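**Q** So the chains spell out like this:
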Amino acid sequence: MVDVPLGHVGPVPGADIEDVELYHPHSWITKYVFAQDAKVIAIQYSLTALSVGLIALVLSWLMRLQLGFPGVFSFIDANAYYQFITMHGMMMVVYVLTALFLGGFGNYLIPLMVGARDMVFPYVNMLSFWVYLLAVLILIASFFAPGGPTGAGWTLYPPQAILSGTPGGQEWGIVLMLASLMVFIIGFTMGGLNYVVTVLQARARGMTLMRMPLTVWGIFTASFMALLAFPALFVGCVMMMFDRIFGTSFFLPAIVEMGQPLERSGGSPLLFQHLFWFFGHPEVYIVALPAFGIVSDLISTHARRNIFGYRMMVWALLAIGALSFVVWAHHMYVSGMNPYFGFFFATTTLIIAIPTAIKVYNWILTLWRGNIHLTVPMLFALAFIVTFVNGGLTGLFLGNVVVDVPLSDTMFVVAHFHMVMGVAPILVIFGAIYHWYPKVTGRMLNDTLGKLHFWVTFLGAYAIFFPMHYLGLMGVPRRYYEMGEMSFVPPSAHTLNAFITIVALVVGATQLTFVFNLFWSLRHGKVAGSNPWRATTLEWQTPETPPSHGNWGKAPPIVYRWAYDYSVPGAAEDFLPQNQPSAQAVSGEAHG
Amino acid sequence: MAVALILVLIVVGSVAFHLLSPWWWTPIASNWAYIDSTIVITFWITGAVFVAVVLFMAYCVYRFRHQPGRQAHYEPESKRLELWLTLVTGIGVAAMLTPGLFVWRQFITVPQDATDVEILGQQWQWSFRLPGPDGKLGASDIRLVGPDNALGISREDPNSQDDIVIEGGELRLPVGRPIKALLRSADVIHDFYIPEMRAKMDLVPGQISYIWFTPTRTGTFEILCAELCGVGHPQMRGTVIVQEQKDYQAWLQAQASRTFARLTPTAQ
Amino acid sequence: MGSSLIFLAALLAIGIWWLSRQGLMSKPWLEQGVVAEAPFPRDFTSSAARMGLGVFLAVVGSLFALLISAYAIRMQVSDWRDVPLPKVLWLNTGMLILSSAALQSAWNAARKAEEDALMVGLFAAGVAALAFLSGQLLAWRQLTADGYFLTSNAANAFFYMLTGIHGLHLLGGLVALSRTIALAWRGAQPERVRLSVGLCATYWHFLLIVWFILLSVLTAWVGIALDICRQLLT
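Residue numbers (our numbering), protein chains in the order written: chain A, 1 to 592; chain B, 1 to 268; chain C, 1 to 234.
Just to be clear, a hint being listed does not mean it is correct.
The calculated lysine to any residue pairs, modelled on SDA-like cross-linking and capped at a C-alpha distance of 25 Å, are [stated by the list, open to error]:
1) Lys87/C to Ala155/C
2) Lys451/A to Pro76/B
3) Lys79/B to Arg369/A
4) Lys451/A to Leu50/A
5) Lys451/A to Ala2/B
6) Lys526/A to Thr510/A
7) Lys27/C to Gln541/A
8) Lys27/C to Gly168/B
9) Lys180/B to Arg311/A
10) Lys79/B to Ala155/C
11) Lys27/C to Ala2/B
12) Lys79/B to Ala319/A
13) Lys526/A to Val515/A
14) Lys451/A to Ile6/B
15) Lys246/B to Gly168/B
16) Lys79/B to Gln541/A
17) Lys526/A to Gln511/A
18) Lys180/B to Met337/A
19) Lys526/A to Ser14/B
20) Lys246/B to Gln235/B
Derived CB-CB ranges, DEER-like [what the hints assert, rightly or not]:
21) Thr115/B to Leu19/C: 52 to 60 Å
22) Leu85/C to Asp141/B: 43 to 51 Å
23) Leu19/C to Ser51/A: 32 to 40 Å
24) Ser74/A to Thr115/B: 45 to 53 Å
25) Glu263/A to Asp227/C: 25 to 33 Å
Please keep in mind that the hints were generated in silico from the structure rather than gathered at the bench. Keep in mind that this is a model prediction, so the values were computed, not measured. C-beta atoms are modelled at their ideal positions from N, C-alpha and C, and glycine is treated no differently.
Use the sequences and the hints to build the structure in full.
**A** As structure tokens, then:
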């Protein structure tokens with residue numbers, strides 16, 4: 001690649017780009033089942049991930065019922081409770097959020113937004129989905145295996161994860177969980193190669209890196225991080241599998257299991273934690289960065305204003321991506337590791353707050369002096385900022401090593417990470433679905449149902465997790481099947497727990513209106529047209545809506561401008577699509 | 001309009017909840033008031049940022065809502081503004097980090113005169129070991145654990161002869177004396193946590209971790225396990241009773257004679 | 001986690017170098033029209049495939065760097081007993097070098113369109129790789145015969161795991177190699193064959209380098225080097 005000189009260069013005719021070799025589907029099976037079209041794969045990924053999400057949601061109801069009304073529901077015993085929290089956590093983090101953002105949105109949006117006809121390796125892309133589905137099936141299978149799924153907590157810390165005191169530890173649960181994760185990682189690697197190489201190789205003519213929408217930047221950076229971080233989980237899984245099945249001593253020192261000495265020696269439980277969090281912390285940003293990118297585009301489009309400080313936003317994304325690999329041990333301040341590590345990891349962790357804060361400032365500065373349309377996607381984007389700022393700020397408590405000591409392993413942590421990487425990214429996912437549904441189906445989602453869904457979800461989720469911080473501040477540990485009697489906990493805390501449970505049930509039930517809306521609008525939604533939000537990015541400029549196989553008809557688009565030409569002074573419209581040549585009235589200011 | 005109002009209400013509601021709700025940390029009973037201070041500093045800084053950001057958003061949503069004829073202002077970036085914001089953020093972050101790191105250094109630096117207390121976790125109970133009159137804990141190894149030796153104490157080590165072992169009972173500590181808790185686990189990872197002491201640390205099998213604290217008031221406090229350790233995790237409770245020095249010494253004498261009586265037959 | 005961080009730092013350096021040439025400091029809102037840029041890749045599939053392999057090697061590299069990190073952390077525990085490496089490993093190493101060299105010669109032949117030399121190179125590479133894998137199995141059998149079982153010490157477990165994972169990667173490479181051989185046998189387009197052979201050769205060289213690194217980790221002298229590093233740091 002050569003340097004990109006500034007300034008005006010004349011438009012180049014589009015016909016000189018060859019049609020790339022494409023796999024054209026011939027039958028229903030190759031079009032919708034073993035599909036190689038990234039858009040179909042995206043829908044397969046999304047529907048699978050949303051279904052897993054519904055299962056995980058139901059699991060969260062069950063555990064909330066136990067916490068809010070302990071002992072009332074006799075079928076939730078301690079074993080079941082730990083199985084529910086483990087599966088809820090692992091499903092949501094890996095099988096829902098990661099799969100949805102990268103496999104779902106990545107597959108749909110990357111080729112369309114960079115002006116490609118498809119992913120660069122469509123066959124591998126198809127395999128990626130099927131391997132992912134296999135991983136999901138293995139995971140679900142553990143519900144039906146003898147002993148049920150593992151109840152080791154989503155962090156799967158050995159030794160307890162593979163001992164008999166934990167549900168599934170000496171049975172099938174943990175084995176299936178590890179197997180499923182390994183399969184997932186293999187499947188993800190196939191997809192991730194596609195997302196990265198497509199961005200690097202298949203961009204349309206004129207689409208320089210700095211003209212890409214932030215959604216693509218976010219998904220691209222996150223994919224790269226995931227490719228490098230998932231091997232850590234893979235290594236941890238392989239080694240734990242050896243420990244569990246062959247009886248090696250990677251993670252198990254000499255211990256006594258239920259009064260009986262175990263034939264192991266020398267293993268290091270902390271080694272697993274290092275491997276797990278070497279993956280686990282980047283994972284937080286693997287979920288967050290696509291959300292950052294998408295929310296930037298939602299705010300910009302619906303406030304009719306360019307994203308403020310685009311360059312800074314890109315640099316911040318890259319900085320966060322790089323820094324997130326050197327903060328992992330902030331999950332281990334009270335793990336018994338060398339306490340001097342605390343100085344280093346607290347410093348790196350708090351430094352990462354700076355680029356993150358810049359992103360927040362730039363989102364709200366985009367609203368400032370904008371022309372804000374309070375559409376449903378915009379509402380979700382605003383709610384994302386509130387919850388993300390809230391959850392991000394409580395992260396400063398937990399990242400600052402000594403402040404973390406009283407708070408770690410309490411409900412404060414649960415409230416924090418649900419706010420910042422549960423509620424916030426899921427609000428973005430909803431916003432993004434309301435935003436791009438018209439492109440995927442050609443019809444708008446129902447607005448009234450959307451607003452109902454939004455207000456209940458946002459205010460409800462806030463009411464669930466904001467008070468929960470204070471339970472943790474009081475000292476209530478997380479992962480307690482029942483709080484029982486604690487001398488320092490006032491009875492009113494039980495009332496608060498019951499309140500949280502009721503809100504959680506209401507919020508959960510409201511998601512059904514969203515599911516209903518998805519299906520109902522497919523037939524009855526308002527016909528959208530090709531660009532209902534009057535957006536600039538390429539996916540809204542396809543010749544057909546929904547885009548057909550190959551996306552662009554005869555010739556792929558040529559890109560003449562960056563992704564954020566909204567409300568350019570002197571322009572006829574308040575948006576200039578990226579593929580629109582500069583012929584239309586553009587004032588001198590825009591030329592610089 | 002409604003959206004802006006709700007955003008303002010979220011801010012007002014959150015601040016009101018913080019100030020008025022009955023749920024707050026338990027009264028401290030150790031020397032770690034510094035940790036509480038760092039939490040308070042962090043609450044002030046983060047609270048101010050939260051209020052400022054959300055109120056500014058509410059203002060924008062109200063002031064710049066779509067109206068016929070409105071056009072957004074075109075301004076790709078403002079280097080100066082972004083630089084200032086970065087700088088201010090950096091200062092805020094430093095204001096939280098610096099005191100935190102100072103307190104952390106204290107937290108991991110055990111005073112010379114601290115008394116060793118061993119705390120052993122196993123599924124799902126706490127056991128304790130106090131040094132006898134010699135002030136030293138004897139060596140131990142998990143491989144030695146047996147029916148008559150729940151803590152795996154090495155009987156060959158002369159230092160272990162007078163150690164006081166409390167299995168699954170109450171731990172007593174003297175008020176005003178620094179305590180170094182040596183944490184061991186027999187099976188899985190546990191976490192020694194007393195909310196009133198603000199201190200917390202994992203017990204990792206195969207190694208000995210530590211924390212130190214000085215109890216500052218007498219009373220009975222609950223020990224919780226704060227690291228998932230299997231199905232019995234929430235039932236893994238213990239009790240620590242902080243006493244005046246003289247009451248503590250009396251109890252210690254009684255324990256020492258009991259331990260001696262129990263150990264003598266097995267030593268033969 | 002030292003070796004993983006070194007590996008990531010190297011990738012980061014490559015990333016920064018590459019991004020520095022992408023106009024990351026430019027102000028995109030000032031640019032209109034199709035800016036002058038790299039010519040659209042002339043051969044789209046081959047450059048995408050090469051880049052795909054490059055990214056994949058980064059993933060595999062990350063995997064091995066993490067395994068070595070785990071090894072370095074675990075070996076500090078006092079129960080560690082080094083495994084005496086079976087002599088056959090040196091023969092295996094020779095086989096792997098041979099295999100890599102044969103593929104390189106096949107690649108050269110493909111570039112010069114010498115079909116016979118190409119086939120000879122491909123087959124030789126395949127046979128040598130199979131010899132390497134059988135040799136590894138032999139090493140496993142020798143170790144178990146001498147009483148170095150998987151579970152008896154973590155050093156043994158690491159030996160079996162590291163060589164096993166390396167072997168599985170080579171096995172995957174053999175699948176790709178056999179497809180390449182089939183491609184060349186059928187007389188497919190020369191460019192396709194050249195691309196395929198080139199990708200295989202790159203992958204083989206990479207696995208050879210990984211094997212050298214693993215070998216130096218498994219032999220005692222890298223332990224000594226690690227000790228020296230640790231003493232320098234503390």
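**Q** Evaluate each hint against the coordinates.
**A** So, going through the hints one by one against the coordinates:
Straight-line distance between C-alpha atoms of Lys87/C and Ala155/C comes to about 17 Å, which keeps the hinted pair within the 25 Å bound. As the CA atoms of Lys451/A and Pro76/B are separated by approximately 31 Å, the hinted pair breaks the 25 Å bound. The hinted pair formed by Lys79/B and Arg369/A meets the criterion: a straight-line CA distance of about 17 Å does not exceed 25 Å. Annotation: proposed proximity of Lys451/A to Leu50/A holds, straight-line Cα distance about 20 Å (limit 25 Å).
At roughly 13 Å between alpha-carbon atoms, Lys451/A and Ala2/B fall within 25 Å of each other, so this suggested pair holds. Restraint check: the Cα-Cα separation between Lys526/A and Thr510/A comes to about 22 Å, which is no more than 25 Å; the hinted pair holds. For the hint pairing Lys27/C with Gln541/A, the CA-to-CA distance comes to about 24 Å; that is within 25 Å, so the pair holds. Restraint check for Lys27/C and Gly168/B: the C-alpha separation of about 68 Å exceeds 25 Å, so the hint is violated.
About 51 Å separates the Cα atoms of Lys180/B and Arg311/A, which puts this hinted pair outside 25 Å; it is violated. As the CA atoms of Lys79/B and Ala155/C are separated by approximately 55 Å, the hinted pair breaks the 25 Å bound. Between the alpha carbons of Lys27/C and Ala2/B the distance comes to roughly 37 Å, so the proposed pair goes past 25 Å and is violated. With a CA separation close to 18 Å, the supplied pair Lys79/B and Ala319/A stays within the 25 Å bound.
A threshold of 25 Å between alpha carbons decides the hint, and for Lys526/A with Val515/A the separation of about 17 Å falls inside it, so the pair holds. The hinted pair formed by Lys451/A and Ile6/B meets the criterion: a straight-line CA distance of about 14 Å does not exceed 25 Å. Using a Cα cut-off of 25 Å, the hinted pair Lys246/B and Gly168/B holds, with the two alpha carbons roughly 24 Å apart. With a C-alpha separation of about 32 Å, the suggested pairing of Lys79/B with Gln541/A is violated against the 25 Å cut-off.
For a cut-off of 25 Å, the pair hint linking Lys526/A to Gln511/A stands: about 21 Å separates their Cα positions. Taken as a hint, the Lys180/B and Met337/A pair is honoured in the structure, with Cα atoms around 17 Å apart against an allowance of 25 Å. Proposed proximity of Lys526/A and Ser14/B is contradicted: the alpha carbons are some 38 Å apart, above 25 Å. Under the criterion of a C-alpha separation no larger than 25 Å, the hint pairing Lys246/B with Gln235/B is inconsistent with the structure, at around 32 Å.
The given range of 52 to 60 Å is respected by Thr115/B and Leu19/C, whose C-beta atoms sit roughly 56 Å from each other. Between Leu85/C and Asp141/B the beta carbons are some 32 Å apart, a value that contradicts the proposed interval 43 to 51 Å. Distance hint check for Leu19/C and Ser51/A: the Cβ-Cβ separation is about 38 Å, which falls inside the suggested range of 32 to 40 Å. Checking the proposed 45 to 53 Å range against Ser74/A and Thr115/B shows it holds: the Cβ atoms sit about 47 Å from each other.
The supplied range of 25 to 33 Å is met by Glu263/A and Asp227/C, whose beta-carbon atoms lie about 30 Å from each other.
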